[in-house]
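Now for the letters of each chain:
There are 2 protein chains.
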Amino acid sequence: MADPTWRIRSDAKRQAILDAIPQKWRLTEPVPPPTEVRDVTGSYICKYLDAQEIEITESDAVDIAAKTTTGQWSAVKVTEAFCHRAALAHQLVSCLHEIFFDAAIEDAKKLDQYFAEHKAPIGPLHGLPVSLKDQFHVKGVETTMGYVGWINTFQGIPNDPRRGTEESELVRELRSLGAVLYCKTSVPATLMSGETVNNIIGYTWNPKNRLLSCGGSSGGEGALLALRGSPVGFGSDIGGSIRIPAGFNFLYGLRPSSGRIPYQGVANSMDGQNSLLSVLGPLAPTARSLTFVFKSVLSTEPWFHDPLVLELPWRDVMVDQTRELIQKSKDSTSLAFGIMYYDGFARIHPPIHRGMKLVEQTLKRLGHTVIPWTPPSHAKAHDLASEIYGMDGGVDLRHHFGLSGEEQAPQVIVDQDGVEMKASAIAQLNIAKREYQKEYMDYWNSTAQLTGTGRPVDGFICPIAPHAAVIPQQYRHVGYSSFVDVLDYPSVTIPVTHANKSVDVRPANAPAASLEPHVEWDYDADTYDGAPVAVQLVGRRLQEEKMLTLAEYIGEEIARELKK
Amino acid sequence: MADPTWRIRSDAKRQAILDAIPQKWRLTEPVPPPTEVRDVTGSYICKYLDAQEIEITESDAVDIAAKTTTGQWSAVKVTEAFCHRAALAHQLVSCLHEIFFDAAIEDAKKLDQYFAEHKAPIGPLHGLPVSLKDQFHVKGVETTMGYVGWINTFQGIPNDPRRGTEESELVRELRSLGAVLYCKTSVPATLMSGETVNNIIGYTWNPKNRLLSCGGSSGGEGALLALRGSPVGFGSDIGGSIRIPAGFNFLYGLRPSSGRIPYQGVANSMDGQNSLLSVLGPLAPTARSLTFVFKSVLSTEPWFHDPLVLELPWRDVMVDQTRELIQKSKDSTSLAFGIMYYDGFARIHPPIHRGMKLVEQTLKRLGHTVIPWTPPSHAKAHDLASEIYGMDGGVDLRHHFGLSGEEQAPQVIVDQDGVEMKASAIAQLNIAKREYQKEYMDYWNSTAQLTGTGRPVDGFICPIAPHAAVIPQQYRHVGYSSFVDVLDYPSVTIPVTHANKSVDVRPANAPAASLEPHVEWDYDADTYDGAPVAVQLVGRRLQEEKMLTLAEYIGEEIARELKK
Chain A
1 MADPTWRIRS
11 DAKRQAILDA
21 IPQKWRLTEP
31 VPPPTEVRDV
41 TGSYICKYLD
51 AQEIEITESD
61 AVDIAAKTTT
71 GQWSAVKVTE
81 AFCHRAALAH
91 QLVSCLHEIF
101 FDAAIEDAKK
111 LDQYFAEHKA
121 PIGPLHGLPV
131 SLKDQFHVKG
141 VETTMGYVGW
151 INTFQGIPND
161 PRRGTEESEL
171 VRELRSLGAV
181 LYCKTSVPAT
191 LMSGETVNNI
201 IGYTWNPKNR
211 LLSCGGSSGG
221 EGALLALRGS
231 PVGFGSDIGG
241 SIRIPAGFNF
251 LYGLRPSSGR
261 IPYQGVANSM
271 DGQNSLLSVL
281 GPLAPTARSL
291 TFVFKSVLST
301 EPWFHDPLVL
311 ELPWRDVMVD
321 QTRELIQKSK
331 DSTSLAFGIM
341 YYDGFARIHP
351 PIHRGMKLVE
361 QTLKRLGHTV
371 IPWTPPSHAK
381 AHDLASEIYG
391 MDGGVDLRHH
401 FGLSGEEQAP
411 QVIVDQDGVE
421 MKASAIAQLN
431 IAKREYQKEY
441 MDYWNSTAQL
451 TGTGRPVDGF
461 ICPIAPHAAV
471 IPQQYRHVGY
481 SSFVDVLDYP
491 SVTIPVTHAN
501 KSVDVRPANA
511 PAASLEPHVE
521 WDYDADTYDG
531 APVAVQLVGR
541 RLQEEKMLTL
551 AEYIGEEIAR
561 ELKK
Chain B
1 MADPTWRIRS
11 DAKRQAILDA
21 IPQKWRLTEP
31 VPPPTEVRDV
41 TGSYICKYLD
51 AQEIEITESD
61 AVDIAAKTTT
71 GQWSAVKVTE
81 AFCHRAALAH
91 QLVSCLHEIF
101 FDAAIEDAKK
111 LDQYFAEHKA
121 PIGPLHGLPV
131 SLKDQFHVKG
141 VETTMGYVGW
151 INTFQGIPND
161 PRRGTEESEL
171 VRELRSLGAV
181 LYCKTSVPAT
191 LMSGETVNNI
201 IGYTWNPKNR
211 LLSCGGSSGG
221 EGALLALRGS
231 PVGFGSDIGG
241 SIRIPAGFNF
251 LYGLRPSSGR
261 IPYQGVANSM
271 DGQNSLLSVL
281 GPLAPTARSL
291 TFVFKSVLST
301 EPWFHDPLVL
311 ELPWRDVMVD
321 QTRELIQKSK
331 DSTSLAFGIM
341 YYDGFARIHP
351 PIHRGMKLVE
361 QTLKRLGHTV
371 IPWTPPSHAK
381 AHDLASEIYG
391 MDGGVDLRHH
401 FGLSGEEQAP
411 QVIVDQDGVE
421 MKASAIAQLN
431 IAKREYQKEY
441 MDYWNSTAQL
451 TGTGRPVDGF
461 ICPIAPHAAV
471 IPQQYRHVGY
481 SSFVDVLDYP
491 SVTIPVTHAN
501 KSVDVRPANA
511 PAASLEPHVE
521 WDYDADTYDG
531 APVAVQLVGR
541 RLQEEKMLTL
551 AEYIGEEIAR
561 ELKK
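So the protein lines, in turn, are chains A and B. Residue numbering for the first sequence follows UniProt numbering, starting at 1 and increasing by one per position. Residue numbering for the second sequence follows UniProt numbering, starting at 1 and increasing by one per position.
With the rest of the complex left out, here is chain A (with noise of 0.2 Å):
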């Protein structure tokens, strides 16, 4: 039996993105299968760099920018290491939608010619290789957001004008800061998955432990990420897209709140909700690589070119102020934490409730108040997110689907047959959310009471996801992640430690999987061993100079934790 027309398509893109890698960067040996090798990142990738190659791809974006931009390293010979280690990254785990190595070190070299007629950088990220989700629009490149009906269309429009002509608005200003694009990452088709697969490029694994999922929806991102293929990329969240890729990956990765990243020209699923917005974030293997571009981008004052951007420059003094907190470890007015380790909704696996464990004892060892996290229902969150994804009854995933007449993934947590809500009752839940997101604050504001700081708590702790990467289809219960977006916090994900099966076993009482809904149970110490284990650290809402300043702070006090 023949395959229909649209796998003739995704194999023939596929392919391309497979012959956009030079041949020098091919691998000649097959790789081997998880049973083998589970782990592809580290030794592994290394043996096919040279050491060079290693030591700028193993730099994080500040070293790496600090060099670029004083002209010690050359923006062609970072960007080449990128685009080596991002090839080799695409064959090991299939992390990559599209591929422009070619236009990338063309960039570089102008970059280079610029530094030297000048002697100085065209911006902060001179040279600086990132890296873009396939929702970014760059000149002379395809955006398939893993649609197979969107190959050789704009935005599944065939024929129109935008196609390989328009750019987003943070890809115009991350070049105007000196950044050099090279390459667009995996998605799974809607964005509306935990998993990342696609009927173009397949799943994407997780470099770390190739049994399991990349996370998703910025799975790409994550993956591309762990395998150091790049120093620093941009995703988005609308459920927890950028804190589970990152999380899944033992990345740093800010959602922040809306309103301060311009989303403007980015193409998305079900753009035009607007009950609960999509945000972009960065995700970095540190915690200062995501300060560096959120402030270079805030730089470029995105409040003057996207109408949705808040005219909210970076603030030195929440900085200032939060460090001045940190500063007071172990006095009563320092800093104060909420943790919460069970949402009410489904059980964290041992590995989770670990990695929380030792940031709770990390936090209490330097002397700060932690308070157990008794918010108002997250099951509420949980289905006020669930409503507003399933707003338009699944109009634009059939619009989108039906382009090509491709499958959807089973993962995708909307459906295309639901009930297409009308103005009164999205009204209605507009308010419900409002309602919501005001108990939730005063909820916060009441925690005055119980610091001792005089303060409320400076911000809280929780899980990311019940489980750490996932094993694949075994992803049930995203309200760990959609509740922040509900909530429109910002939230940063730190990674802690990862799943051990001699110590993270299994409880004699664990209930079974699936047995009650939403009980997420499912643990198997033999697959997840070896996954990486985060939290995220959730603020208050426009606070992401705090958080990120915290996250920092908190991220090196788990490692110093973890050497004791």
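Warning: the hint list may mix true and false statements.
All copies of an identical chain are treated as equivalent in the list; a pair is satisfied when it fits inside any one copy or across any two copies.
[Claimed, not checked] Listed next, the in silico DSSO-like pairs over lysine-lysine satisfying Cα-Cα at most 30 Å (straight line):
1) K77 to K67
2) K438 to K139
3) K422 to K380
4) K422 to K438
5) K139 to K77
6) K109 to K295
7) K564 to K328
Derived from the structure by calculation, the hints contain no laboratory data.
Fit chain B to the supplied structure of chain A, relying on the hints for placement.
Positioned in the frame of chain A, the structure of chain B alone reads:
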């Protein structure tokens, strides 16, 4: 034929409002018809007041607070003076929905006791009376919003525990700042009208010319403030509802961007519609009064109490930067403004044209650059706003009118029998609105090429309506105000002059009324004689500090220009 039940209820409510006025403050003689006495402001209303009451009520909010926060005037004395004048105002033009003078005087007594005890005020608004549009909930006071069906209920819900106990967040904040609340002002039922008319209090007339409307929907505020029955009040704006009554009553009025003043807990029409948000803002006879109360409200950190408010404290730095630009007057890098006389829809009447010319002249005399403002189609903005206002097909209006069976006034710009939009159509509308906002933003940026200052314009000047305070039922085009809400820009109404039948004559070539769609040419020099003329100063999103600073400066300079 007997009146339907709702008339009995509305009559009783109207009478109850009048009955709340103490006997000593009731007018004993009938008010002469407007054909005899058009203007009941100034000397007309003052004949019922003693010298001290006049001194107090003709001071602005800043001067009043300077005396009440230092013990020079007692809160009781000030409150009584405004209660008296508000009582007169209501009897002259029917501008109040709720009168709670007794509670206000009790509150004022407590403030005086506090001051006597602490030798310090409770807050910056200590002892300052503040009037509120009848959307705000105040403990112990009803909210009808002009709906007969809301009498004896909470927002139309009978036996709701919130009835009489609820207080809006802004009300709480005003109290915490020391403000005294004493009355709520009239609105058109639905709030969707540029005139103020409902089946409870009837029609609110313009105190300066009682042949004309006071504007709407914050019309009661406009009328009360014009009569100095209040030093400052709060209204709301989704299509011009603060700026129209401000302009029609020779007042300053601020429509801030959404997210600065808390709407939490305030009744609304079509609540939950979040494609275009209604916003709250102050109206007052002086620009500095707006700044004073706006800044005071921000000092309460409303972002910790309303989830939709942005953490954006009052920015003195933006005020200072603006003042520096003002100082540079005559310098090529000083201020630059756009000016727009015609929106492509409705030609403005002669008084408005003269007012606009006066402002242009003033700016040029001061050495500032003035360029023609030729933005993207305002017809498009008008269409977007209309589609959004009608999004629910009238479900909300039908419900609230249906509670009593009362009739909808012809001035309401939303139909009860429209078609309710579905989620996917709303999403498309949201996209169209965002694209329009982007197009307008790009146009604004492009003026950097034209100003000669090296920057785009600092703001632009345009009419608020084609006409001065309007002849009843002749308000045909709200596009001059509603485009600002579509863009979510801050805008300040600046009063300029008054219509004058001897100079503002109908030009020979003026189009006849209603010959073309949207042409607004039913100008009648005699009827409009004496009506206030105003313009609006529109700024970039969230630049309220800059616009308030400029409005104060421009207003003062216009006064100087008129004295020449």
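Evaluation of the provided hints:
no. : hint         : result
1   : K77 to K67   : within (11 Å within a copy, 70 Å between copies)
2   : K438 to K139 : between (42 Å within a copy, 20 Å between copies)
3   : K422 to K380 : both (21 Å within a copy, 24 Å between copies)
4   : K422 to K438 : both (24 Å within a copy, 27 Å between copies)
5   : K139 to K77  : within (23 Å within a copy, 69 Å between copies)
6   : K109 to K295 : within (25 Å within a copy, 51 Å between copies)
7   : K564 to K328 : within (23 Å within a copy, 62 Å between copies)
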